[in-house]
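Peer 1: Each chain is listed here by its residues.
2 protein chains.
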Amino acid sequence: MLMLVGRRWLSSGLARRALHRNPHEMTLFEMLGCTNLRKSTPEDYRILREIVNSFERHSGVGNDIQLTLEEHTANELIMCEKKREYEKGIMDPSKFAPGHHFFQVLNKVKNSPLFQILRKMPKGAALKTHDTSMCSSKVVIEMTYRENLWVYTTQAGCRIMAFRFAKEKPKDVEHEDGEWQPMEKLREFRGEENLKNYLRVRLSMYPLASFSTNAHAWRHMIGIFNLLDGLLQYAPLWGDYYYNALKEFYADGVQYLEVRTILPELYCLDGSRLPKRETVRIYKDTLERFKKENPGFIGSKLIYAPIRHVQPEVVGQYVKECTELNKEFPDFVIGFDLVGQEDVGHPLSKFAEELLKLPDHINFYFSAGQTNWYGSHVDQNLLDAIVLGTKRISHGYSITKHPVLMRLAKYLNIALEVCPVSNQVLQLGSDYRSHPAATLIAENVPMVISSGNPGYWRAAPLSHDIYMAFLGIAPMNADLKFLKRTAKNSIRYSSLWDEGKAEAMEKWKKEWDEWIGDIVAQKEKVFKKEKN
Amino acid sequence: MLMLVGRRWLSSGLARRALHRNPHEMTLFEMLGCTNLRKSTPEDYRILREIVNSFERHSGVGNDIQLTLEEHTANELIMCEKKREYEKGIMDPSKFAPGHHFFQVLNKVKNSPLFQILRKMPKGAALKTHDTSMCSSKVVIEMTYRENLWVYTTQAGCRIMAFRFAKEKPKDVEHEDGEWQPMEKLREFRGEENLKNYLRVRLSMYPLASFSTNAHAWRHMIGIFNLLDGLLQYAPLWGDYYYNALKEFYADGVQYLEVRTILPELYCLDGSRLPKRETVRIYKDTLERFKKENPGFIGSKLIYAPIRHVQPEVVGQYVKECTELNKEFPDFVIGFDLVGQEDVGHPLSKFAEELLKLPDHINFYFSAGQTNWYGSHVDQNLLDAIVLGTKRISHGYSITKHPVLMRLAKYLNIALEVCPVSNQVLQLGSDYRSHPAATLIAENVPMVISSGNPGYWRAAPLSHDIYMAFLGIAPMNADLKFLKRTAKNSIRYSSLWDEGKAEAMEKWKKEWDEWIGDIVAQKEKVFKKEKN
Numbered sequence: 001m002l003m004l005v006g007r008r009w010l011s012s013g014l015a016r017r018a019l020h021r022n023p024h025e026m027t028l029f030e031m032l033g034c035t036n037l038r039k040s041t042p043e044d045y046r047i048l049r050e051i052v053n054s055f056e057r058h059s060g061v062g063n064d065i066q067l068t069l070e071e072h073t074a075n076e077l078i079m080c081e082k083k084r085e086y087e088k089g090i091m092d093p094s095k096f097a098p099g100h101h102f103f104q105v106l107n108k109v110k111n112s113p114l115f116q117i118l119r120k121m122p123k124g125a126a127l128k129t130h131d132t133s134m135c136s137s138k139v140v141i142e143m144t145y146r147e148n149l150w151v152y153t154t155q156a157g158c159r160i161m162a163f164r165f166a167k168e169k170p171k172d173v174e175h176e177d178g179e180w181q182p183m184e185k186l187r188e189f190r191g192e193e194n195l196k197n198y199l200r201v202r203l204s205m206y207p208l209a210s211f212s213t214n215a216h217a218w219r220h221m222i223g224i225f226n227l228l229d230g231l232l233q234y235a236p237l238w239g240d241y242y243y244n245a246l247k248e249f250y251a252d253g254v255q256y257l258e259v260r261t262i263l264p265e266l267y268c269l270d271g272s273r274l275p276k277r278e279t280v281r282i283y284k285d286t287l288e289r290f291k292k293e294n295p296g297f298i299g300s301k302l303i304y305a306p307i308r309h310v311q312p313e314v315v316g317q318y319v320k321e322c323t324e325l326n327k328e329f330p331d332f333v334i335g336f337d338l339v340g341q342e343d344v345g346h347p348l349s350k351f352a353e354e355l356l357k358l359p360d361h362i363n364f365y366f367s368a369g370q371t372n373w374y375g376s377h378v379d380q381n382l383l384d385a386i387v388l389g390t391k392r393i394s395h396g397y398s399i400t401k402h403p404v405l406m407r408l409a410k411y412l413n414i415a416l417e418v419c420p421v422s423n424q425v426l427q428l429g430s431d432y433r434s435h436p437a438a439t440l441i442a443e444n445v446p447m448v449i450s451s452g453n454p455g456y457w458r459a460a461p462l463s464h465d466i467y468m469a470f471l472g473i474a475p476m477n478a479d480l481k482f483l484k485r486t487a488k489n490s491i492r493y494s495s496l497w498d499e500g501k502a503e504a505m506e507k508w509k510k511e512w513d514e515w516i517g518d519i520v521a522q523k524e525k526v527f528k529k530e531k532n
Numbered sequence: 001m002l003m004l005v006g007r008r009w010l011s012s013g014l015a016r017r018a019l020h021r022n023p024h025e026m027t028l029f030e031m032l033g034c035t036n037l038r039k040s041t042p043e044d045y046r047i048l049r050e051i052v053n054s055f056e057r058h059s060g061v062g063n064d065i066q067l068t069l070e071e072h073t074a075n076e077l078i079m080c081e082k083k084r085e086y087e088k089g090i091m092d093p094s095k096f097a098p099g100h101h102f103f104q105v106l107n108k109v110k111n112s113p114l115f116q117i118l119r120k121m122p123k124g125a126a127l128k129t130h131d132t133s134m135c136s137s138k139v140v141i142e143m144t145y146r147e148n149l150w151v152y153t154t155q156a157g158c159r160i161m162a163f164r165f166a167k168e169k170p171k172d173v174e175h176e177d178g179e180w181q182p183m184e185k186l187r188e189f190r191g192e193e194n195l196k197n198y199l200r201v202r203l204s205m206y207p208l209a210s211f212s213t214n215a216h217a218w219r220h221m222i223g224i225f226n227l228l229d230g231l232l233q234y235a236p237l238w239g240d241y242y243y244n245a246l247k248e249f250y251a252d253g254v255q256y257l258e259v260r261t262i263l264p265e266l267y268c269l270d271g272s273r274l275p276k277r278e279t280v281r282i283y284k285d286t287l288e289r290f291k292k293e294n295p296g297f298i299g300s301k302l303i304y305a306p307i308r309h310v311q312p313e314v315v316g317q318y319v320k321e322c323t324e325l326n327k328e329f330p331d332f333v334i335g336f337d338l339v340g341q342e343d344v345g346h347p348l349s350k351f352a353e354e355l356l357k358l359p360d361h362i363n364f365y366f367s368a369g370q371t372n373w374y375g376s377h378v379d380q381n382l383l384d385a386i387v388l389g390t391k392r393i394s395h396g397y398s399i400t401k402h403p404v405l406m407r408l409a410k411y412l413n414i415a416l417e418v419c420p421v422s423n424q425v426l427q428l429g430s431d432y433r434s435h436p437a438a439t440l441i442a443e444n445v446p447m448v449i450s451s452g453n454p455g456y457w458r459a460a461p462l463s464h465d466i467y468m469a470f471l472g473i474a475p476m477n478a479d480l481k482f483l484k485r486t487a488k489n490s491i492r493y494s495s496l497w498d499e500g501k502a503e504a505m506e507k508w509k510k511e512w513d514e515w516i517g518d519i520v521a522q523k524e525k526v527f528k529k530e531k532n
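Protein chains in written order, with the working numbering: chain A, 1 to 532; chain B, 1 to 532.
Just so you know, these hints were derived from the structure itself, not from any lab. Quick caveat, the model's predicted, so the values are computed rather than measured. Please note: incorrect hints may appear among the correct ones.
Stated by the list, open to error - Straight line, CA to CA, 20 Å or less: simulated SDA-like cross-link-like pairs of lysine to any residue:
1. K39/A / K320/B
2. K276/B / K320/B
3. K39/B / T323/A
4. K350/B / T323/A
5. K488/B / A251/B
6. K357/B / E43/A
7. K83/B / E43/A
8. K39/A / L412/B
One chain only, chain A, in its complex shape (with noise of 0.2 Å):
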């Protein structure tokens, strides 16, 4: 980087007090020594001005990579759509939709033409989704159009409670004005129509932009959760859900999923349950079925993540069960994680005597750090998910507040899977313009863009997740470069093993060439418009 100003700087008085030694071995802090740049000359002051820009523009993500002639050509277009954006944002801060709740700019966001381009780049792998919060709520209304579903309501049939599949009707009522009744029924009580717009409502966090606190919007999130178990838990449907998830994030430009799974004892018509094993076979031969009908997506792996909030000998019980569905699927149940809202579970430390337990080619992928309570115990969980050896962290939204451990996330090659829209509907942050994210891409710390529970913000698979990221929390020269890390990264941090990465870098390296040629056709067509 010296070498750029090379001359001008050697000639400068800045220069001529550190050059006693060779100055392209030189940190900036020795070049610096103990200068006063008060003293600096105009001159001085430019060339100083130049090398700290220049450090900084080369050190954040996406600063090593190349790009070819034709992605120069499209990161024109794209970064010509960017700017206006952004520029139009400046001039009126209102306009700017990563200033937003998400849930008030869904609409705008979907007319804009970086979201547009953005929407059909492939974007290599989702690392973190979780097993019944992936499909948009459509999927899951068809759903409830299956034979033998029961319905239960409150409050007269105007609130859902419940589902079950059954031959007859289940006799448990937990509530004083609860009833269980067959789906259609309710369907033609409440008027299809209705019932649809109710269920599109309560099968997502909407209307709900502002909750009074996050613990609130974690309650609103984990009820959704609850009430889609007996819809999603029916042996017959577990497969399709997954079927679907698989179906909308290749179309979003995903051709790889690792999903976060509770693997739910699945029940049958007569309410008898499945061994876990049994669901994780629906898992794979979904996938297997899949493959074949999509011979350009990569694939997926499952990671075992039950609930933390248990005590310890449970999370031993969730290792022994892992290391043995490992041990049958060795290649597809890859890892361990423990999910739900860390403030109100126990910390990492009290399981790490168990979950030092499982064998050591199984992956831990810990949940950690998604806090805003800086120093207490919730927060120490970063601490321990690195030092239990984590491959990646989910969230890790508060390691900029602690720089020795996101220096050794650095250090030791772990991503953190960055999931910008999921951290403002759970209130962490109002705007994506302050988003913590930002310092570890200016401090090229390994991170992925992933989307945690879209379905439950009608977000797209990924893409909302890569346009807020691109346009809201990365800086405003973030351009393809920052892009294609990103994509690649998704690959590279994945689970999949060195020649499964080749391989997926291959088909994903397709499709990326396939699109930067499609961006420049636009352009080309733009062009010549503009020149008749």
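Dock chain B against chain A, hints included.
Peer 2: Just chain B now, with coordinates in the frame of chain A:
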């Protein structure tokens, strides 16, 4: 630090792999080497956890402070109150004051026992204050009772647009329905209490806890500055306002102030204007008077800080004025800055050539990085402030997105003036727990806590900012060491010369020891009560 875990560490597996050299000289990274942490035994895990934790604990702001026995005792009471609020917050986040907008918790905070303690804390210096936003509105409202005050209203007297002191009714009328009338007449017309209440709102950002954007918030704030011009720039009042500011700050535990002032040419009753040097003279005379009456007070200095929204040649003129004023008041007009909303002004780089003409014994104290437009030309002010050799940075809100600059600030010992409440009111962030200063604290970047324009948000001169920083931004375990480092920093990074600093430190220490003594006495009283 390694000493702490010495024996155990040396016997662990991790250590054995790293023992090719003296472990006391090793960095954490060298120790870890290419260790696979998944090979750890529970013992390894526990040791490494302790080491990393210890690194963290001993690296933040305040880690270098040694507490006396008395301070230890006081610390226990302070931490007891802090933990009470913190833990109540974790249980029910809606009860945690730093999670809300300041305007909504102002009254609640007043009753906080922790706030009561912090209010009395000798805080050292307030290094970022602005000439006409220091005093409470009470002081300003009292000033509207002075003789010869005219008021310009619109909407049939309902909206106050301007003040002016004059013998006769002013003639300029800017609005169709605007009219000048004597202040006492308006007071009679609207009723004294009504008018007071109106002014309390008109002279603050209340009740607008939420503006649509920070641009909107800025416009509102500039409106207050403008309204006050006609009142406070009246020569006989200028000194009184400053005197009252010193009084209110001193009562809040602040013994030294650096005031950024636009140095207006004050006007007299006949409309004539005095030269800027008279404005400085009034400041100086007032300060002398205040110091004589308050021997415990340390002092105050001026930073000439005119508006940044001008052309370079005007900045050239500013620089000349500053040089002249410094010649006449060498130990009083000691620094230079440019103020006003950065987002809409010119970047510092545009003025570099002119700025570098300022003699280098007059320090720069640049406002920079008060933006969330990462990578915009505005954001580059941070880079320019540092490369131009600034001594401190006012706000620097965006610096955590610029690790190269953050490290330079640390290396060059440039302190950031962090103003938590201001950042929230001006819409840079909504929750103190997400304030970027947490990273500055963790990285031990030089910083002081200041308040900006406390009068406009009904905040105490400095106590509320200290409270929010201590409870909301710093980690849970930040304690008296943090507070003491913050207070000491405010003197250390002031523009006082070395002898001045020694004297200041002595005056501060005297009050500090008294405060500690009071807390210890209070604790003993409580202890005795509990015993009986």
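Peer 1: Next, verify each hint and record whether it holds.
Peer 2: Results of checking the hints against the structure:
Straight-line distance between C-alpha atoms of K39/A and K320/B comes to about 18 Å, which keeps the hinted pair within the 20 Å bound. For the hint pairing K276/B with K320/B, the CA-to-CA distance comes to about 13 Å; that is within 20 Å, so the pair holds. Proposed proximity of K39/B and T323/A is supported: the alpha carbons are some 16 Å apart, at most 20 Å. At roughly 63 Å between alpha-carbon atoms, K350/B and T323/A are farther apart than 20 Å, so this suggested pair is violated.
Between K488/B and A251/B the alpha-carbon distance is near 18 Å, which keeps this suggested pair within the 20 Å criterion. Taking the CA atoms of K357/B and E43/A, the gap is about 13 Å. The hint holds against a cut of 20 Å. With a CA separation close to 53 Å, the supplied pair K83/B and E43/A exceeds the 20 Å bound. Annotation: proposed proximity of K39/A to L412/B holds, straight-line Cα distance about 14 Å (limit 20 Å).
Checked against the numbered hints given earlier, the structure breaks hints 4, 7 and satisfies all the rest.
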